[in-house]
Each structure stands twice: as structure tokens, then as C-alpha cells.
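Colleague: This is what each chain is made of:
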Amino acid sequence: MARTLKDLRPVYVVGIGWHRYQNPSDTPYVTLGVTAIREALGDAGIEWPTVESAYVATALLGMASGRPMLRHLGATGLPLSHVENASASGSTAFRQACIEVASGLTDVSLAVGVDKRNPVRREGTGIDNLAEDAIAQFTHFSLLTNEYAHRHKVSFEDIARVAVKNHRNGARNRNAQRQQERSLEEVLGGRKVAGSLTPLQCTPVGEGAAAVIVASEDGIRRLGIDAARAIRVVGSTARSERVYAAGLGFDAVLTKETTTIALEEAQVTPRDLDIIELHDAFTVEELHYIENIGLCREGEGVHLLKEGALDIGGRCAVNSSGGLIAMGHPIGPTGIGQIGEIALQLRGEAGPRQHPNARTGLAHMVGVGAVCYVHILQRP
Amino acid sequence: MENQLLKPTLYTPAGALLGGRCTCGHVFFPMQTHGCEVCGRYGADLQPMTLSGRGKLLSATIVHLHADKARATPFTIGKIALAEGPVVRTLLLDRDREIAPGTPMAARLVPIGETGLDLRFAPEG
Ligand SMILES: [Zn+2]
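Quick note, the sequences are listed as chains A and B, same order. The opening residue of the first sequence carries number 1 in the numbering used here; numbering runs sequentially from there. The opening residue of the second sequence carries number 1 in the numbering used here; numbering runs sequentially from there.
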């Protein structure tokens, strides 16, 4: 019988750091990456040579971008690998680092995500398609928005409230790409990109970096890391898309499958979740995902949103970082930044956006393919 | 000069779609022999199957902005569940008309440019 992460050695998040997510600039990716790693090392209170392995998550930097970055921390010779898994690249790197520590192969490992906004290149499969070149990501999610609004008799205005909440949260996050509160009128007022979707309801893909250091109990003791600030990883699950019945949204079904396994592994229920960071690249996704994570029944997400249950200070703070819509989505860093946000919240160190008494958090990420990653974190 | 189908590997001059069927029963579009997504059979276990080009609209959206300037906006993308099972996403005939989910749809060929023909879906009838 295969085992889960929780059956292996306990793994803890002990260090977190960022380079702010921002609009594309001339800043080299090396600067973005080492900034985040140095902040994570400082946060853990450890030195670079104590890190035993590194996973570099990046989707758009091309081949072998890690060594030219990591060498500027001191070339210690540590094993290094690159992880590309579309939007879930960072989540995947984090899971690999956790698995390596949990297995006992290392005591301290690093997951770092770094990206610049470069063109996406995908090789053809040899199978033609009718008009995929006419279907951008926002068009896919506009189709889902229209389906959701029609099926659940929900207004586009109400769906857009997701962006109002997430911009409000992002305005309190110094690492967010968008740090400005927006009214519902502002969110709805922009030029429409497809259907009812406006730019403020879509993630602004930019650049940035995020780093997380994970450690075993042996590592924590040996390096004198503050155990009171260590956040345990109690669940880690990854799945990819299967064949679903026509009309079922694959992102939503895949989210449900993956989350169900992760919750069982962590022995928690959706009601136990204080914090959720999820893939809200487009407003409708947040509603789909909270429903499939199990916060409420299908079609009821708007009620929770409107009554403030998803706000910081509400029943469960969703995307307290600002999410992909406001914090941003530099691809490689995104899933790692989610883990950092949850660790901040569970430590009680989230400052102006602290959710009271946060004990359990869930990070959710989907990536083109589709793949889905869910991690559950808990304070000791 | 005869009008040319833009993608003759995907549809027929009559507007039927060139799909496939696995011996396991799974129907897919377009035809391919790489392997079946349901059971993994490949090669000769996957046989061509002509799909009627009729189905039901699951969702549609009017696209106002598109990166490729060669594709004039607005245009409408629809997601259609074909009668035989597969779901396709492609261009609808009407560039900027709202069509309600559930509407029966049919494929047809329409002139594109000087001599081309391409497939579009429109409400049936
Ligand atoms: Zn098959």
C-alpha cells in the first residue's frame, strides 16, 4: 500500500521570502530569485550552505536557468533540479522538496520560483484543432463564467465581487503586484476582454520570485531554527485530468478529486480551514474552487462572498494575499508564494491582513494540462 | 477555382466532423491514432468515425480583445457537446450575438477570404 506524505517524517515550512511580484521590468531574474532566497534564509535564521537541495520552479525562463542564479549565493554543489508544470510549477517544486525531506534524504531543502513574462512556447502534438488559436485563457474562463451564471442564476456583478475582495487584500500586501483597492464599479468598468470579463477580473501576469525552505525535526534542532514559527505540512496531493462527462468543468472536478484526497490525508474537513489560497486567475474560478473544496454547495459561493464569509476576519479567508488577481501570477513563483502566505497567517505574522486565530490553511493550484496540487498546512 | 477547405483533416465539405472511435467505445474528435484517452489502445484499435456536426451549446462568449490582430474582433467562441459525445470549442457563425446555453447547434462551412471554406457552428435551422 502506497503511503502519503504524512506517513513519512514530519516536514515543516521554516523560511519564506519573496521578491515583489511586479510588471515586467529590466530587473534580471537572478536578482528576483536571490532576493527571495536571501529573505527566506534570513526568515529561517540559517545560512545557505546548510541547504541540502534546491528545486527551481520556472515556466518561462528556458533551459537550465537555476545554476546561473544559485551560484551567487555561493556554489555549494548542492543537487539542483528545475521544475516546469505550468501554473503549478511552484506547487510542484514545493511538493518535491517536502517529499525529499520527509523521505529522510535531506534535512533542509529549498523550493524557489522565479519567472519573467516571456512568450509561452508549446510544441504541437501532431493533432490539428478547429480554432484553438482563437481561444485565449481568458476566453476559456469567460465560457465558464457564462456557464456558471446561467446554471446558478448568478449575476456577472456578483461574480466580479471576487475581484473587489482580492484587490482589497492585495492592497495590504507589500509583495503584491496590484496594491490598490478597487470598487465594484471600477472592476466592472474596464474594457471587456471576453464576455463580462474585464482586466481587473483577470490576473496580471508579471514577474517576481518566491522561496520556501522546508526542514525536518532533526534539521530544526541541529540548526537551532525557532520551532514555534515552524508550520507543519500535513497534506500534499497531486492529480492530473481524467476523462469527464461532457459539460463538467475539468478544473472544478479535478479540484474536487485532489482536495478530497488531501483533506483525508490531513484528517481535516473543509470547516476546519481558516485560510485558503487558490488559483483565482479569473474571478469565476474562486467560486468554482471554494465550492469544490467543500466550503459550500455548488452555486452557493456568491452567498458566502456577499456575506463576507470569505473576507479576512470571516469564516475562512480566501486569497488573503490578494490571490492571483491582485498579488499576481508570475507562474513559477505563484504556488510557492501561496505557501509563504499561509505560513505567515498561521504564524500570526501577516500584519495588516492577519486573519484571527488561523490554525489550518490550504493551498490550491491548477495548471494547464490540467494538473492540480493541494497542500494543507497546520500550526503546531 | 474550387473553394478550398481550410482544414480538410478535420471536416468534410458537407460540414461533418472527422472524429474517431476506439474499440472500447470512446468517441473522440479529431481522429488520431496516438492512443485512446480512456483505455490507452492505439493504432488500428482507433478507427475513423464521421460525426454529424450537430450538438447542444454548453456555453458561448463574445471575444472583444485578441492578441492576434489578423483575427478581427468581436468574434464568438462556443463550447458544443456533440451528439456523439465529444465536446468541441470553436468559432460560431454569429460574431457578436448572445446564444443561450442549451440551444441546438449545427456545423456548416462558410467562405473565408477569397477561396477558403472554414467550419462554423450556428443555431440549427
Ligand atoms: Zn479506448
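Calculated from the structure, these hints are not laboratory results. Note that CB positions come from ideal geometry on N, CA and C, so glycine has one too. It is possible that some hints are incorrect.
Said to hold, decoys possible - Selected chain A positions facing chain B (Cβ under 10 Å, derived; list incomplete): (1) Ile127; (2) Ala131; (3) Ala134; (4) Thr139; (5) Leu144; (6) Glu147; (7) His150; (8) His152; (9) Arg191; (10) Lys192; (11) Val193; (12) Ala194; (13) Arg239; (14) Val243; (15) Ala246.
Colleague: If a hint holds in the structure, say so; if it doesn't, say that too.
Modeller: Status of the hints after comparison with the structure:
| no. | hint | result |
| --- | --- | --- |
| 1 | Ile127 | holds (5 Å) |
| 2 | Ala131 | holds (5 Å) |
| 3 | Ala134 | holds (6 Å) |
| 4 | Thr139 | holds (5 Å) |
| 5 | Leu144 | holds (7 Å) |
| 6 | Glu147 | holds (4 Å) |
| 7 | His150 | holds (5 Å) |
| 8 | His152 | violated (12 Å) |
| 9 | Arg191 | holds (7 Å) |
| 10 | Lys192 | holds (5 Å) |
| 11 | Val193 | holds (5 Å) |
| 12 | Ala194 | holds (5 Å) |
| 13 | Arg239 | violated (16 Å) |
| 14 | Val243 | holds (5 Å) |
| 15 | Ala246 | holds (4 Å) |
The structure fails to meet hints 8, 13 from the earlier list, while all remaining hints are met.
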